[in-house]
Amino acid sequence: MTLVENPAPTQAQDPPRARRRGRGGRMLLLNAVSVVLGIGVWWALSLAGFDIPAPPEVLKRYGELISDGTLITDIGASLRRVLIGFVLGVALAVPVGFGMGWYGWVRGLVEPWVQFFRTIPPLAIIPLAVVLMGIEETPKIFVIFLASFLACVISTFQGVVNVDKTLINAARVLGANDRIIFARVVVPASTPFILVGMRVGLGSSWATLVAAELIAAQEGLGYRMQSAQLYYDLPTIFVGLITIGILGLLMDRILLFAEAKLTGWQERR
Amino acid sequence: MITIDRVHKTFPLQGETFTALGDVSLELADNEFVTVVGPSGCGKTTLMNILAGLEEPTSGRALLDGKAIKGPGPERGVIFQQYALFPWLTVRKNVEFGLKTKGVGRDERRRVADHFIDLVGLTQFADALPKTLSGGMKQRVAIARAYAVNPSILLMDEPFGAVDALTRVRLQDQLLATWSQEKRTVVFITHDVDEAVFLANRVVVMAARPGRIVEIIDVDLPYPRNDELRLSPAFTALRNRVWNAVYHQETPS
Numbered sequence: 001m002t003l004v005e006n007p008a009p010t011q012a013q014d015p016p017r018a019r020r021r022g023r024g025g026r027m028l029l030l031n032a033v034s035v036v037l038g039i040g041v042w043w044a045l046s047l048a049g050f051d052i053p054a055p056p057e058v059l060k061r062y063g064e065l066i067s068d069g070t071l072i073t074d075i076g077a078s079l080r081r082v083l084i085g086f087v088l089g090v091a092l093a094v095p096v097g098f099g100m101g102w103y104g105w106v107r108g109l110v111e112p113w114v115q116f117f118r119t120i121p122p123l124a125i126i127p128l129a130v131v132l133m134g135i136e137e138t139p140k141i142f143v144i145f146l147a148s149f150l151a152c153v154i155s156t157f158q159g160v161v162n163v164d165k166t167l168i169n170a171a172r173v174l175g176a177n178d179r180i181i182f183a184r185v186v187v188p189a190s191t192p193f194i195l196v197g198m199r200v201g202l203g204s205s206w207a208t209l210v211a212a213e214l215i216a217a218q219e220g221l222g223y224r225m226q227s228a229q230l231y232y233d234l235p236t237i238f239v240g241l242i243t244i245g246i247l248g249l250l251m252d253r254i255l256l257f258a259e260a261k262l263t264g265w266q267e268r269r
Numbered sequence: 001m002i003t004i005d006r007v008h009k010t011f012p013l014q015g016e017t018f019t020a021l022g023d024v025s026l027e028l029a030d031n032e033f034v035t036v037v038g039p040s041g042c043g044k045t046t047l048m049n050i051l052a053g054l055e056e057p058t059s060g061r062a063l064l065d066g067k068a069i070k071g072p073g074p075e076r077g078v079i080f081q082q083y084a085l086f087p088w089l090t091v092r093k094n095v096e097f098g099l100k101t102k103g104v105g106r107d108e109r110r111r112v113a114d115h116f117i118d119l120v121g122l123t124q125f126a127d128a129l130p131k132t133l134s135g136g137m138k139q140r141v142a143i144a145r146a147y148a149v150n151p152s153i154l155l156m157d158e159p160f161g162a163v164d165a166l167t168r169v170r171l172q173d174q175l176l177a178t179w180s181q182e183k184r185t186v187v188f189i190t191h192d193v194d195e196a197v198f199l200a201n202r203v204v205v206m207a208a209r210p211g212r213i214v215e216i217i218d219v220d221l222p223y224p225r226n227d228e229l230r231l232s233p234a235f236t237a238l239r240n241r242v243w244n245a246v247y248h249q250e251t252p253s
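Listed in order, the protein sequences are those of chains W and B. Okay, so the first sequence: first residue is 1 according to the working numbering, each after it adds one. Okay, so the second sequence: first residue is 1 according to the working numbering, each after it adds one.
Hints in this document: simulated from the structure, not taken from any laboratory. Treat the numbers as computed from the prediction; the structure is a model and nothing was measured. We treat Cβ as the ideally placed atom computed from N, Cα and C, and that holds for glycine. Some hints could be false.
Listed next, with one range per pair, are the computed distances between beta-carbon atoms [unchecked claim]: (1) 131(B) with 258(W): 17 to 25 angstroms; (2) 236(B) with 23(W): 33 to 41 angstroms; (3) 113(W) with 214(B): 53 to 61 angstroms; (4) 162(W) with 102(B): 27 to 35 angstroms; (5) 131(W) with 15(B): 49 to 57 angstroms; (6) 236(B) with 162(W): 42 to 50 angstroms; (7) 124(B) with 41(W): 49 to 57 angstroms; (8) 108(B) with 178(W): 20 to 28 angstroms; (9) 124(B) with 27(W): 28 to 36 angstroms; (10) 266(W) with 22(B): 53 to 61 angstroms; (11) 8(B) with 109(W): 35 to 43 angstroms; (12) 180(W) with 131(B): 50 to 58 angstroms.
In silico contact screen, one side only, chain W against chain B (beta carbon under 7 angstroms); selected entries [claimed, not checked]: (13) 167; (14) 187; (15) 260.
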């Protein structure tokens with residue numbers, strides 16, 4: 001029983017859902033048209049005498065590389081490096097970023113190094129890493145780790161610093177101590193920032209990976225393209241490029257999906 | 001009972017010392033509804049933060065039942081102007097927040113939360129996220145959340161400052177309805193003279209530079225208060241008195 005009158009809901013719960021879906025459908029259609037057109041242009045250019053392989057040729061090479069197992073091995077090797085480096089980078093970046101945001105002394109100790117290494121492209125570290133760590137997996141994973149760590153640590157730190165002070169005060173007056181405030185206010189409030197950092201980190205991991213494989217590797221998508229270059233094997237280079245693009249896109253979509261699930265509470269502009 | 005005893009508060013401001021509160025003294029009885037009204041910069045929010053335990057006085061004492069206020073406490077609920085709802089939690093989870101920090105069990109939490117969500121008239125929105133609510137509804141969630149931990153004192157800092165005038169009147173009615181069911185000591189900060197008079201037993205008028213109390217006006221109008229009272233000559237007379245106290249302050253040069 002309530003004495004308070006219950007006004008009609010002043011805001012529709014989710015207004016333009018139907019329209020949004022319609023617009024999404026049109027977008028998808030336009031995207032599909034764009035992809036088909038792009039492949040058309042590519043084909044036309046190869047027919048017009050430019051020195052690039054036509055789509056069927058690339059498709060045929062795809063078939064060969066899949067059936068002899070090369071492509072799968074390469075994808076496996078590249079993905080393994082990216083994922084290990086990326087996961088390690090994020091796993092270290094999140095606690096360090098939280099530490100920097102939460103404790104002034106951690107920030108003071110860590111920030112100069114983070115800012116310093118951020119100005120060095122991870123690729124520039126490769127020569128040093130190869131000399132110090134050899135040409136096995138370690139230097140490749142290390143530069144990927146570095147790339148994703150640097151991207152993610154900054155955004156995690158920003159996320160913690162940007163937590164609305166009023167929310168912290170609100171939690172405090174509701175009886176929360178520092179530990180509760182951290183776990184139940186700071187962590188969820190900075191999740192959107194962390195996820196953005198992860199997406200940026202994944203992008204730069206992927207870019208770094210291919211370059212790392214170009215320098216020294218026995219397998220992997222970058223290595224495959226590098227050796228194809230020696231034999232003027234354009235279809236294989238195309239297979240490598242397209243595969244890298246598709247894998248990068250897929251991983252980004254997975255993170256986008258996670259972002260939508262985890263941070264759907266945000267008010268969208 | 002709240003005792004504010006010669007509270008003085010200064011902040012460093014661009015190398016100088018800014019006096020937010022200069023020797024403010026006030027006593028508040030239990031279950032009193034006191035509104036504090038004054039121009040911006042008169043230190044009313046500072047006063048509330050001191051009562052909430054979010055800031056400490058530079059000198060003087062703020063006492064609760066004779067004991068000095070040290071930090072926030074469960075007996076004091078705070079409602080902020082910016083709602084301060086946790087946007088990742090549903091309405092119910094927001095209201096349960098304070099109960100969860102106290103370690104109240106799940107079923108009991110839910111029961112208490114549902115009671116106060118019902119009291120502010122938001123039952124059908126219990127599972128909604130804050131982003132789907134209007135400003136007025138958000139503020140009612142914040143009120144339910146403060147009530148849920150069962151404080152004996154509610155500190156409200158311009159809670160209706162960010163909503164439109166029509167919604168504001170309705171929220172005032174609802175707040176009084178909630179208060180009459182669940183009596184608490186309320187310290188309500190506002191810059192709206194009508195609001196100050198309509199809600200309060202007592203209106204504390206403050207002035208700026210330095211922040212101080214210039215007048216305390218008793219509002220001896222009966223509860224429950226309604227539209228009729230809002231338009232009555234008695235209300236108008238009090239309103240004019242408060243208006244003059246707020247807007248025609250002699251500012252010391």
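Hint-by-hint comparison with the structure:
no.: 1; hint: 131(B) with 258(W): 17 to 25 angstroms; in the structure: holds, 19 angstroms
no.: 2; hint: 236(B) with 23(W): 33 to 41 angstroms; in the structure: violated, 54 angstroms
no.: 3; hint: 113(W) with 214(B): 53 to 61 angstroms; in the structure: holds, 55 angstroms
no.: 4; hint: 162(W) with 102(B): 27 to 35 angstroms; in the structure: holds, 28 angstroms
no.: 5; hint: 131(W) with 15(B): 49 to 57 angstroms; in the structure: holds, 53 angstroms
no.: 6; hint: 236(B) with 162(W): 42 to 50 angstroms; in the structure: holds, 47 angstroms
no.: 7; hint: 124(B) with 41(W): 49 to 57 angstroms; in the structure: holds, 54 angstroms
no.: 8; hint: 108(B) with 178(W): 20 to 28 angstroms; in the structure: holds, 25 angstroms
no.: 9; hint: 124(B) with 27(W): 28 to 36 angstroms; in the structure: holds, 34 angstroms
no.: 10; hint: 266(W) with 22(B): 53 to 61 angstroms; in the structure: violated, 42 angstroms
no.: 11; hint: 8(B) with 109(W): 35 to 43 angstroms; in the structure: holds, 38 angstroms
no.: 12; hint: 180(W) with 131(B): 50 to 58 angstroms; in the structure: violated, 23 angstroms
no.: 13; hint: 167; in the structure: holds, 6 angstroms
no.: 14; hint: 187; in the structure: violated, 10 angstroms
no.: 15; hint: 260; in the structure: violated, 14 angstroms
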